[in-house]
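> Chains as they are written, first to last, in numbering that gives the first Met the number 0: chain A, 0 to 313; chain B, 0 to 304; chain C, 0 to 333.
Do not rely on the hints blindly, as some may be mistaken.
Claimed, not checked - Below, in silico cross-link-like pairs of lysine-lysine (DSBU-like), each with a Cα-Cα straight-line distance of 35 angstroms or less:
| # | chain 1 | residue 1 | chain 2 | residue 2 |
| --- | --- | --- | --- | --- |
| 1 | A | Lys86 | C | Lys77 |
| 2 | A | Lys86 | C | Lys108 |
| 3 | C | Lys108 | C | Lys77 |
| 4 | B | Lys192 | B | Lys36 |
Claimed, not checked - Quick look at which bits of chain A chain B covers, simulated, 3 or more residues with Cβ under 8 angstroms:
| # | stretch |
| --- | --- |
| 5 | 22 to 33 |
| 6 | 134 to 146 |
These aren't lab readings, by the way, just hints derived from the structure by calculation.
A virtual CB, placed ideally from N, CA and C, is assigned to each residue, including glycine.
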Amino acid sequence: MKQEGILRHAATRLLGLIPTLLVLITIAFFLIRVAPGGPFDSEKALPPEIRANLDAKYHLDEPLLQQYFRYLGQIISGDFGPSFQYKDWSVNELIAQGFPVSATLGGLAMLLAFVIGSLVGIAAALRQNSAADYSIMGVAMLGISIPNFVVAPLLILGVAVYAGWLPAGGWDWSWQRMVLPVVTLALPVIAYIARLMRGSMIEVLHSNFIRTARAKGLPERVVIRRHALKPAILPVISYMGPATAALITGSVVIERIYSIPGLGSYFVQGALNRDYTLVMGVVVFYGVVIIVLNFIVDLLYAWLNPRIRYDETQ
Amino acid sequence: MSERTTPSVEDPFAQALAAADVPGRSLWTDASHRLLKNRAAVVSGIIMAVMVLLVVFGPMLLPWEPDFTDWDHTSSPPSLETGHWFGTDAVGRDLLVRTLEGGRISLLVGLVATLVSLAIGVTYGAVAGYYGGLTDRVMMRVVDIIYALPFMFFVILLMVVFGRHILLIFVAIGAVNWLDMARIVRGQTLSLKNMEFVEAARACGVDHNAIIRRHIIPNLLGVVMVYVTLTIPQVILVESFLSFLGLGVQEPMSSWGALVNDGAQDMESAPWTLVFPAVFLTVTLYCFNYIGDGMRDALDPKDRL
Amino acid sequence: MALLEVSGLEVRFDTPEGVVKAVNGMDFEVGEGETLAIVGESGAGKSQLVMAIMGLLAENGSASGVALFDGEDLMQMKPRELRGIRGRRIAMIFQDPMTSLNPYLTIEKQMIEVAMHHQGLARDEARAHAVEMLRAVRIPDPEERIRQYPHEYSGGMRQRVMIAIGLLCEPELLIADEPSTALDVTVQAQITELVGRLREQTRMSIILITHDLAAVAEVSDRIIVMYAGQMVETGTVDDIFYRPQHPYTRGLLASVPRLDRVSDDELQAIPGNPPNLLELPSGCPFRDRCSEATEGCRQPPPLWQGEGGRASRCVLPMDGGQIVAAEAVGEDGA
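Input sequences plus hints: build the corresponding full structure.
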C-alpha cells in the first residue's frame with residue numbers, strides 16, 4: 000500500500016517537471032537571443048560574406064521562433080550544440096569534461112554537510128539554551144554569513160600558503176586537492192543544516208508522541224534514536240533540494256578560486272566571453288540537474304514519511 | 000507547556016472576543032519588548048547603525064579620494080604614519096576610503112534590490128491571495144516553476160546579456176528574488192481572509208476597518224519586515240558574488256565583493272587588501288541575519304517555554 | 000498501606016510572565032484495585048498533578064512534595080529508577096490519541112519495544128504478547144492491523160492501542176488522562192466501557208482524570224474534585240453525586256445532564272472563568288464565581304473532614320465533618 004502511494008506520488012511529480020523544464024529552456028533561449036551584440040562582435044569587421052556564413056552555420060539567420068523550436072528539439076535529443084568560443088568543442092563535450100569534477104566536489108560537500116550539520120544540530124538541541132547551544136548556534140550563524148569567496152582565500156592563506164599542509168589549488172583527483180574546496184563548499188550548508196536540525200529536533204522533542212515514549216519508561220537515547228530522529232530529520236531531507244542549488248552556485252566561485260576545471264569554471268568563462276551556447280547549455284543542464292535532484296529528494300521524503308498518502312488525500 | 004487559565008481553550012468564541020479586545024498596538028509593544036531583550040539582535044542593530052554612518056559620512060571625513068593614487072605608498076601595509084590606516088592596494092589607493100565607498104554600493108544594492116523584490120512580491124502575492132481560486136492556483140504554479148530554476152545563473156545570464164550596469168544589478172537581483180515574498184504575502188492574505196477571529200469579530204459587529212487596521216495590517220507588516228531584514232543580506236551576498244566573479248559593478252565603482260576579489264589576487268603579498276573588505280562584508284551579513292532572526296522570534300514566539 | 004500516597008504535592012512553572020502555580024498542595028491516596036477519579040475544569044491542574052508523579056513535567060516545571068508508590072517516594076527517585084517504574088508498574092494514557100502515537104513507526108514497533116525493554120522478551124514473544132493485548136482491547140484482526148501505521152487507525156482505535164500499550168506489562172497503576180475527551184461521543188462511551196471492564200477484570204488501580212463528572216459515575220470508587228490546583232471536595236461517588244457539599248461541586252453537577260433525576264431545570268454552566276494561576280487570590284480561589292460567597296471567603300477556607308475519607312474545603316460547614324486545618328494558599332502559600 001505504501002509503495003503504491005509513493006509510485007502515484009512519483010508519477011504526479013514527474014508530470015509536474017515538464018512545464019518547469021520548458022520554462023527553463025524558453026527563458027534561457029529568449030534571454031540570449033534578445034541580447035544586444037552577437038557572439039562574433041569581438042572579432043571585429045568580419046567581411047559580410049563570412050559573417051553570413053557564420054550566421055548560417057549557427058542558424059542565426061532563421062526566424063527567431065524557428066531557432067527556438069530547433070533548439071528545443073536539439074535539447075530534447077540531448078544536444079546542446081557547438082560552443083561559440085571554444086571552436087573545436089561542442090557544449091556537450093565541455094559539460095562531459097567539467098561535470099564529473101563539479102559533481103564530485105558537490106557530492107562530497109553534500110555528504111559532509113549532511114553528516115556534520117545533523118550531528119551538530121542534534122547536539123545543540125539536546126542542550127537547548129545552554130552555553131554550548133548558544134556557541135554552536137553563534138558559529139553556525141557565522142557560517143551562514145561568511146561568503147564562500149571570503150572563506151576560500153582565507154583558507155588558502157592559512158592552510159596552504161602559511162602552514163603549507165595542503166596544495167592551494169589545482170585538480171588531479173587526489174584527496175589533498177579536494178579537502179579545501181569541499182570544506183569551503185560545505186561550510187555554509189553545514190551551518191544551515193545545523194540550525195534546521197536543531198529547530199526541528201526541539202520541536203519534535205516537545206510533541207505528544209515523545210511524551211508517550213518517555214511514559215513507556217524507555218531510556219532517553221532510545222527515545223531520541225528510535226522516536227525523534229526520523230521526524231526531526233525530514234525537514235533536513237527536504238532542504239537537500241535547495242542545498243543542491245546552493246552547492247552548484249557555490250561551486251562556480253569555488254572552482255574559480257581553487258583553479259578547478261569544473262563546469263562552474265567553464266560557465267564563468269563563457270559568461271565573460273559571451274559564449275551564448277555554452278552559457279545557455281550550462282544553465283539548462285544545471286536546471287535539469289537541480290530539478291532531477293529535487294525529484295529524488297521528494298521521493299526520499301515520501302518514502303520516509305508513512306503519512307504521505309494520507310496527507311495527499313486530506 | 001504552562002496551563003492557560005483564561006479564556007478556556009474549548010471556546011473559540013471567547014478566544015475571538017479576547018483577540019478582538021486587544022488593541023493593535025499591543026502586538027508591537029510585545030514584539031519590540033521581546034526584540035530589545037534579545038541581546039544579539041540589539042548589539043547587531045547598534046553595529047549596523049554605526050556601519051551605515053561610517054559608510055555614508057566616512058569618505059567625506061577622510062583626506063583621500065577613492066581613486067587617488069599615492070605612488071609613494073603602493074601596497075603599503077596599514078600604518079598610522081602614512082595616513083593609510085587600512086593600507087593601500089597595488090596601485091596606491093587608500094583601502095579605508097575604498098572599503099567605505101564599496102560599502103555604500105553594497106548597502107545601496109541591498110536596500111534597492113530588496114525594495115524591488117518587495118514591490119513585485121507583495122503585489123503578486125496579495126493579488127493571488129485576494130482573488131484566490133483559479134487565479135491563485137495558476138499564479139502560484141508559476142512561482143513553483145520559477146522556484147525550481149537555478150536563480151543565480153539567471154542573474155548571471157541577465158548580466159551577460161544586458162551588460163553590467165548598476166541599475167541592472169538592482170533590477171536583476173530584485174527580479175529573481177521576489178518568490179519568497181510572494182508566497183509569504185499570499186499565504187498571509189489567504190489565511191487572514193479566512194481567519195476565525197476575523198469572522199468572529201465581524202459577527203460581533205466590530206467595524207470592518209478596525210479589523211483591517213488592528214489585525215490584518217499588523218500581522219502582514221510583521222512578516223514583511225522580517226522578510227525584508229532577511230532579504231537584505233541575501234541580496235548583498237548575491238551582488239558581492241557577482242562582483243567577485245567580475246560580473247557585478249565595474250571600475251572605478253567598487254563594492255565589497257569586488258574589493259574581496261582584488262584582495263584575493265594580492266593576498267600573499269598584501270593580505271590586508273583581502274582582510275578589511277572581507278571583515279566589513281561579513282560583519283554586515285552577520286548583523287543583518289541576527290536582526291532578522293531576532294525580529295522573527297519576537298513576532299512569532301513559538302518556542303517560548 | 001495504599002498503593003499510592005501523595006502528600007503536599009505542588010507544581011510550579013516558570014514562564015516569561017511569572018510563576019504559574021499549577022498544583023497547590025494535594026494530598027490523596029489510591030488503594031489497591033481502587034479507581035480514583037480526579038475531576039475539574041481544564042486548567043485545574045489535574046494533568047500536571049499526574050505528570051509530576053510520573054516525572055514527565057515540561058523543562059520549565061518543578062514539583063515538590065511526596066508521592067509514595069508502594070512505599071517508595073517517586074519524587075526522590077533518580078531518572079533511571081523512575082524509568083524502571085514508568086511503563087512497567089505505572090502506565091499512562093494521554094488525552095489526545097491522534098498525536099500520542101508516533102506517526103513514523105508501526106503499531107507493532109511501538110508495542111514490542113515496551114515488552115522487550117521491561118520484560119526482556121524476545122521479538123517474537125513480544126509480538127505475540129502485543130497481538131494478545133490488541134485483542135483484549137477489541138481491535139479486530141490484530142495480526143494484520145499491528146503492522147499498520149497510526150494514521151490507518153481511527154481515533155477510538157488509536158486510544159485502544161494506547162490502552163493496550165499501557166496494559167502490556169500488567170501495571171499496578173494505570174493513569175488515564177482524559178482518555179475519551181478528544182473522541183466522538185459514541186466512541187467515548189466505548190472507551191469508558193473498556194476502562195470499566197478493565198477495572199472489573201484486573202486488580203489494577205486506576206486514576207481517571209476528566210472534566211466530565213458524568214463520565215466517571217459508573218467506573219470509579221472515589222472522586223476528587225479539583226479547583227485551581229487544590230482539592231475542594233472528595234468522597235465516594237454516592238457522596239459526590241447525592242450529597243455534594245462544596246458549591247463548586249454543586250455547580251459542576253448542575254452543568255451535567257442526568258438520567259437519574261427528572262428535572263425541568265435547565266442545565267447551568269458555572270459563570271466566569273477559573274482564576275489566573277499567576278496571581279492566585281489569597282482567600283478561596285472560587286469566591287468570585289461562587290453564588291454563596293461571603294466576606295469570610297476572603298480568608299483561606301477551612302478543611303472539613305468526615306468519615307471514610309470524606310472532605311471539603313469551604314467556609315460552609317460539612318455535614319458530619321470537623322475542621323482539621325485552615326490552610327493558606329496563593330501568594331503567601333506554604
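> Which of the numbered hints are not met once you compare them with the structure shown?
Per hint list: 1 and 2 violated.
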